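*Asks:* Sequence:
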Amino acid sequence: MTSRCAKFRFKPVPADEGVARLSAICAAEGVDADRAALTHLLSRVGGDLRQAINMLQSASYVYRRVDVGVVDEVSGMVPDDVVAGIWAACKSGTATPAAILRLARETVERPSHSPFQCLAQLVPLAVADPSITDPQRARIMELAGLIDARVNGSK
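For the sequence shown, position 37 matches number 544 in this note's numbering, and the numbering has no gaps at all.
Rather than coming from a laboratory, the hints here were simulated on the basis of the structure.
There's no promise every hint is true.
[To be verified] What follows is a set of in silico ranges between Cβ atoms, one per label pair, in the way DEER data are often shown:
1. 592 / 637: 14 to 24 Å
2. 555 / 616: 38 to 48 Å
3. 640 / 568: 18 to 28 Å
4. 560 / 612: 27 to 37 Å
5. 634 / 522: 14 to 24 Å
6. 537 / 648: 20 to 30 Å
Bear in mind the structure is a predicted one, so any value in this text is a computation, not a measurement.
Backbone N, C-alpha and C fix where the C-beta goes; we use that ideal spot for every residue, glycine too.
Let the hints inform the model, and build the full structure from the sequences given.
*Replies:* Here you go:
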């Protein structure tokens with residue numbers, strides 16, 4: 508949050524406290540959402556309670572029941588199992604680039620997920636994967652940067 512003179516940076520809300528608050532809001536507003544969906548929602552927004560409330564409100568306008576799939580859809584995130592499948596194909600060493608692109612088209616573009624969002628979710632997997640060497644990680648970051656530049660119209 509920014510005022511005229513100062514910037515305020517709020518820490519993420521602890522998951523248990525955030526889920527409790529979201530559960531209370533759901534009860535008060537008559538929204539049907541389970542604990543797993545609320546936990547997933549908080550993780551998708553990085554613990555930002557205000558953003559979680561807004562997203563929950565948007566989801567409740569469209570769906571009778573808010574579950575993990577609804578959270579992914581409303582948030583614009585590619586489901587974790589889809590991203591994991593693409594990552595596994597990339598790491599296999601046996602899949603051709605054409606096969607990986609075909610998989611990405613079938614699992615990302617056809618259900619109308621953003622390819623850029625998929626890339627944004629793949630990058631942390633590459634960074635955290637202990638089987639990836641530093642030179643491989645650097646190459647992945649370089650390629651991700653090139654893709655980002657092309658998607659955003661830079662050269």
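*Asks:* Taking the earlier hints as the rules, which of them does this structure contradict?
*Replies:* 2, 3 and 6
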